[in-house]
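Produce the complete structure using the sequences and hints provided.
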Amino acid sequence: MAGSSLVVGAGPMGEWLAAHLRKKGEKVSIYDRNLYRARKVAESLKCNYLPRLDGFNTAASKAFIATGSEHAGPLIIRLSSILPSDSAIIDISSVKTPVLHQIRGKIPAKLTVALAHPLFGPGAGKLSDKYVIFTPFRNTRREYGVVAHFFRPAHIITMSCREHDKLMAYCMSIPRLFTLSILRKWVVLDAVSLTTSQKALAMAASTMLIDNPKVFSEIVALNPYTGSALSDLVKEMLSLSKAGRRTIEKRVSESLKKIPGLKKYYNETYRFLENR
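So the sequence shown is numbered by this note's numbering: it starts at 747 and just counts up by one.
Cross-link-like lysine-lysine pairs, in silico, DSS-like; alpha carbons within 27 Å at most:
| # | residue 1 | residue 2 |
| --- | --- | --- |
| 1 | 1010 | 876 |
| 2 | 945 | 1009 |
| 3 | 981 | 912 |
| 4 | 1003 | 981 |
| 5 | 872 | 1009 |
| 6 | 872 | 773 |
| 7 | 1003 | 912 |
| 8 | 960 | 852 |
| 9 | 945 | 1003 |
| 10 | 770 | 872 |
| 11 | 872 | 1004 |
| 12 | 1003 | 876 |
| 13 | 912 | 960 |
| 14 | 773 | 856 |
Label-pair distances were calculated between CB atoms; the ranges are:
| # | residue 1 | residue 2 | range |
| --- | --- | --- | --- |
| 15 | 982 | 1010 | 21 to 31 Å |
| 16 | 874 | 827 | 34 to 44 Å |
| 17 | 869 | 902 | 18 to 28 Å |
| 18 | 916 | 1014 | 21 to 31 Å |
| 19 | 1014 | 823 | 38 to 48 Å |
| 20 | 895 | 982 | 33 to 43 Å |
| 21 | 823 | 998 | 46 to 56 Å |
| 22 | 916 | 749 | 33 to 43 Å |
| 23 | 1014 | 929 | 20 to 30 Å |
| 24 | 1005 | 904 | 21 to 31 Å |
| 25 | 789 | 978 | 40 to 50 Å |
| 26 | 895 | 797 | 28 to 38 Å |
| 27 | 902 | 982 | 23 to 33 Å |
| 28 | 895 | 924 | 33 to 43 Å |
Simulated from the structure, these hints should not be mistaken for lab results. Virtual Cβ for every residue (Gly too), placed ideally from N, Cα, C.
Here it is as structure tokens:
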């Protein structure tokens, strides 16, 4: 599959994708509405810079969408009219429902649209211990093959659109809502970093908050399962708060046993924070 690839989106993940594809021997072109950013990324990675999306070499057969869920659907539709009919378009957005709703019935039959969600950020090095969720669109076997090839040796997990977005509501949407809410409350109380626990949470929050605010908002607002996940967790927290100390202690012990790495994270995090 080596050849020419287009990366649409010169943000952190778009830059990571371009570098990753270059390592795989691809000749990479990069486009972004922010022309300055696209040019800088292209220069740093020695990629081809595109000032216009329709300036892409149509002999190439692969395009990667790294713009987020809001713009992915329209871009896929637009590219389907530019690229050869047997091309592959790979979307890596973190919410799939809006993408599927926008592209259903609008893509030529021969064109492959592969929906993938890399569960890692732009700092990823080796992929052997990373995961990518694959969501079938039309031709499951062909689409899976495209995702597996470009993200090898990462582990590929297949999920339906509903399964993916429901899971991501708990894994991505709610953590963002929680961290933003609690940090705002700390600011109101003028108690931003009084305790080491707060510093630990702020350090984790930085991985979500120091991002493009539009990406943050779409992860929360465009996922149709955010509301139901929030209601479920609020119910869980209220129940736990009234359950009594023994139940709370039992839940803490269960978490330590069932969630790998907590004790290791504890030692590493507090060692880091206390020695800053």
